[in-house]
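Enquirer: Once you have looked at the hints, place chain B on chain A.
Residue-level listing of the chains:
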Amino acid sequence: MVDRDLSLFRSGEQMRSRNQRVIGGVALLAAGALGLTACSGSSTSHSKGAPSAANAYSYGKIPAASTTVKSGGVLHVAEDVGADPNWIFPITPAANASVYTINQFQYLSWRTLYWSPKGSAPEMDYSRSMTDAAPTVSSDGKTFSIKLNGKYSWSDGNKVSAQDVLLWFDLYKAAVKESPANASNYTPGQFPDNATAKVVNDQTISFTFNKVYNPAWILDTQLNQIVPLPSKEWAKAATGGSNLDYTQPANAKKIYDYLAKQSKSLSTYASSPLWQTVDGAYKIKSYNTSTGAATFAPNTKYSGEGKPNFSEVDLLSYTSPTAEFNDLQSGKLDLGYVSSDNWPQLNKIKSEDYNLYGLPDFGFSFMYFNFKDATGGFGKAISQLYVRQAFAHLQDENAEIKGAYKGMAAPAYGPLGVAPKSPYTPANGLKNPFPFSVSAAKKLLTDHGWKVVPNGVTTCQNPGTGANQCGAGVAKGQNLNFKMYYTSTPKVVGEEVTSFAGNLKQIGVKINLNTDTFNNIISNESNPSSPKNENAWGMADFGGFTENNYPSTNTLFNTGGTYNEGSFSDPQLDKLINASMLSTDPNALKNEISLVDADLPGIFQPNEDRIYAWSPKLSGSPDAFAALTQLMLDPEDLYFTK
Amino acid sequence: MTTAIDPPVPAPPGSPGADGGEAQGANLTGWRLTVREFLKNRLAVAGVGILVFFILFAFLGPLVYHTNQEATNLLNTDAAPGNGGGPLGSDSNGFDVLGRLMLGGRTSLEIGFLAAILATVIGTLWGAVAGLLGGLIDAVMMRVVDVLLSIPFLLVVLIVAHRYGSNTWNLSIILGIFSWLVPARLIRGEVLTLRVRDFVSAARVMGGSRSRLIFRHLIPNAMGTVIVNITFQIADAILALAALGFLNFGVHYPSTDWGSQISDAQDALSNGYWWEVFPVGVCLVLVVMAFNLIGDGLRDAVDVRLRKR
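The listed protein sequences correspond, in order, to chains A and B.
Going by numbering that gives the first Met the number 0, the first sequence opens with residue 0, and the numbers climb by one from there.
Going by numbering that gives the first Met the number 0, the second sequence opens with residue 0, and the numbers climb by one from there.
Some hints could be false.
To be verified - Derived, one-sided and incomplete: chain B residues facing chain A with beta-carbon distance under 7 Å:
(1) Leu42
(2) Glu69
(3) Leu73
(4) Ser91
(5) Asn92
(6) Asp197
(7) Tyr252
Just so you know, the hints here were simulated from the structure itself, not pulled from any lab data.
Don't be surprised by glycine CBs; every beta carbon is placed ideally from N, CA and C.
Next comes chain A alone, as it looks inside the complex:
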């Protein structure tokens, strides 16, 4: 029972934009929640120079912020293809949770208590948070006190208070009690089940957990989900109704049901007074129920970091990356992404003086094994570490980066790639432990009793569990052929998988390749979701996952994990994952990631740069542009130049 806090599925490289479906709903939060530095509250506190991010493996550069700020103007921003925002209430059901609905739509109006990333760096940005520092932890390690900094106010003039935090907590509890699916990042037994909340004073709230956890885990995976809600405006169960005591569970349920019902009513997004009470820089002005396109007006009472400089922010909807790219070229868009399919045309954008910047987002992509696949005994064979190591030797990351990604990707040898940098990245995550080598792969197999027939069929000739034998459960004469599913888009996924298949053929392993949609793969080629299919596939590739600031692989690779798609199991890794959550050892997570890198529950793939382009007349904090690569949209930190 596990949790996959704050993580999202992301499909393929190009669409790694987790536009598809979210699992750990608030992953979005993770992508965007915290940070710190003292701040004055004005836009002048923004970084003017280089963004707060590692620039290795980045594409293009972010110019320094212009000092000639022009107020007004309409900012045209592209929504991701097929990812129209469709849920406005900041407690988002799993079915609606995507970074595009949460980070780039809800967050324009409602800010998180803790804000991250800081630019593109996976860390808290306290300058944009509602608190100036990490919570204070009690001596027994169970109670976390949060003091608000008083910087943010609601558009009705009231300050964001501890009661607003409590409202979110109580409604969140009501939501998940009604149905776990009502909150995308909910894991039974964890937040809010494992905590109680208490308002200490108007600006201080404390959370007491049921046992001692790793403080970093608490902050980065539990508390960073919080989005304060306007308790004086929203604590009601009907339009025009009176405020209810939301600390009573029955009332909280009524309030949640009312707000969720309003959120389902897409056609009233712009007209409902509910959604006009915001603490973010913009509030919704119109919403197209057909396309998901939306416009936002500035919140003139905004008191937080940055300033709503634009007279309007328009989120434009597209049906294909090429259509979006065409609008970028024509100048209709001021800010948009460049999908990998259009990378060969980046020079066209450059020639129009558009600025370009790209960096991998904080997450990973991988081809994962199905350890339960009994077809031809593949599951037993792949359970042998040396077989996985042989497979890993046949993935040519350098060629993939140069060819498929045109150089615009960062290597990744585990769930934490080399960029963006993370304090938790272990040494074996920085240097490829299994460099491309057909001969090394061949040797691993021959040393363990396999007869390798290049371009033929490699078979086990020496079954048994000895050091030079095929391993437990592998039968004499068994081959290593298997069936693999991968997403047909973006194209780079197919190129990576085809390259891998061609390399495997050189050691006599044949892959039966099949394409499918992202949604089909995450539902069918997943043992937790579809146990009936466990013998129908040997490997799969739908893309990967986004990560939060505390990127434990809990739920991904622990035995029985909710998103342990291929049923990987290693008792030692289970211990380390548990330690990452419960131990106070600062190296616990690094140890866990290190073992994942060595254990190879899948073949990790390069992390593609998420490239954004923006008009030369658009400027602002470099951190805001860097944050785009982490799928955050911060228009309060942007402006047109004179």
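Expert: Same frame as chain A, now just chain B:
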């Protein structure tokens, strides 16, 4: 008693074999006439030439022009013709485009022929049975055809292809069993005119069974229609396969087909990789056109009314 396999040309009056009599000599004469007429049709002959070229290109080409179509070369992707790539450049996987055309052409032709043969066999039998039996059975059988014709062909094929996988045999069967409807109608119409002919009546009187009537008399005499139709069926199957491939439901690695090769046409053209689109597009057009020209020529040749237009 044999039936004349002379679809096109009735034997001259008074000659043996008229109306289905035993007339080997008349048959040969009929076929010779057909061939002669066909050869007079320059477009049809050009179609044969194009088709022969592509058959040689697809099946014998790889023996002459050696390329590796299994190991990708990501360090040489999207290379322009003559610029690090082969004569026609390389694609997004680094595969040599000319070699890829040969491989894809072979798959497309194989599936086209197999699907067309399957569709023709099913359609011919269905149409012949319906036409011969007539009455309620005919009505039911043809309503089945009508119903199936009203179902979006491509949608069904997509679903079935996705469910049962995409390889040469599967796709041939899938395309074949969804392409027999038109031949069934054509053959039924042909049989309706044949079944009242004297040689059929004579066969009935002599105690010929229904299956004998169908296989020895009706189908052989409808063979002209069958042969003409099969050429169009091949062209249609190749186009349908191209559509499936374009939608990413074509055959999978290490195989390929022409439709799969143009599945990224929009991006390839936008990115300036014309060599990944135009050559395969031209091949597709030429082969389909060749089958259509041959079909037109055959139709003209086997139908006396259309001769010497």
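Enquirer: Does each hint fit the structure? Answer for all of them.
Expert: Hint check results:
Because the smallest distance between the Cβ of Leu42 of chain B and any Cβ of chain A comes to about 38 Å, over 7 Å, the interface hint for this residue is violated. The beta carbon of Glu69 of chain B comes within 6 Å of a beta carbon in chain A, closer than 7 Å, and the hint placing it at the interface holds. The beta carbon of Leu73 of chain B is positioned within 7 Å of a beta carbon in chain A (closest approach about 3 Å), and the interface hint is therefore held. For Ser91 of chain B, the suggested interface contact is upheld, since its CB lies about 6 Å from the closest CB of chain A, less than 7 Å.
Here the hint on Asn92 of chain B is kept, as its CB sits about 5 Å from the closest CB of chain A, short of 7 Å. For Asp197 of chain B, the shortest C-beta to C-beta distance to chain A is roughly 57 Å, which exceeds 7 Å, and the interface hint is violated. A cut of 7 Å between beta carbons decides the hint on Tyr252 of chain B: the least distance to chain A is about 5 Å, and the hint holds.
Of the numbered hints listed earlier, those contradicted by the structure are 1 and 6.
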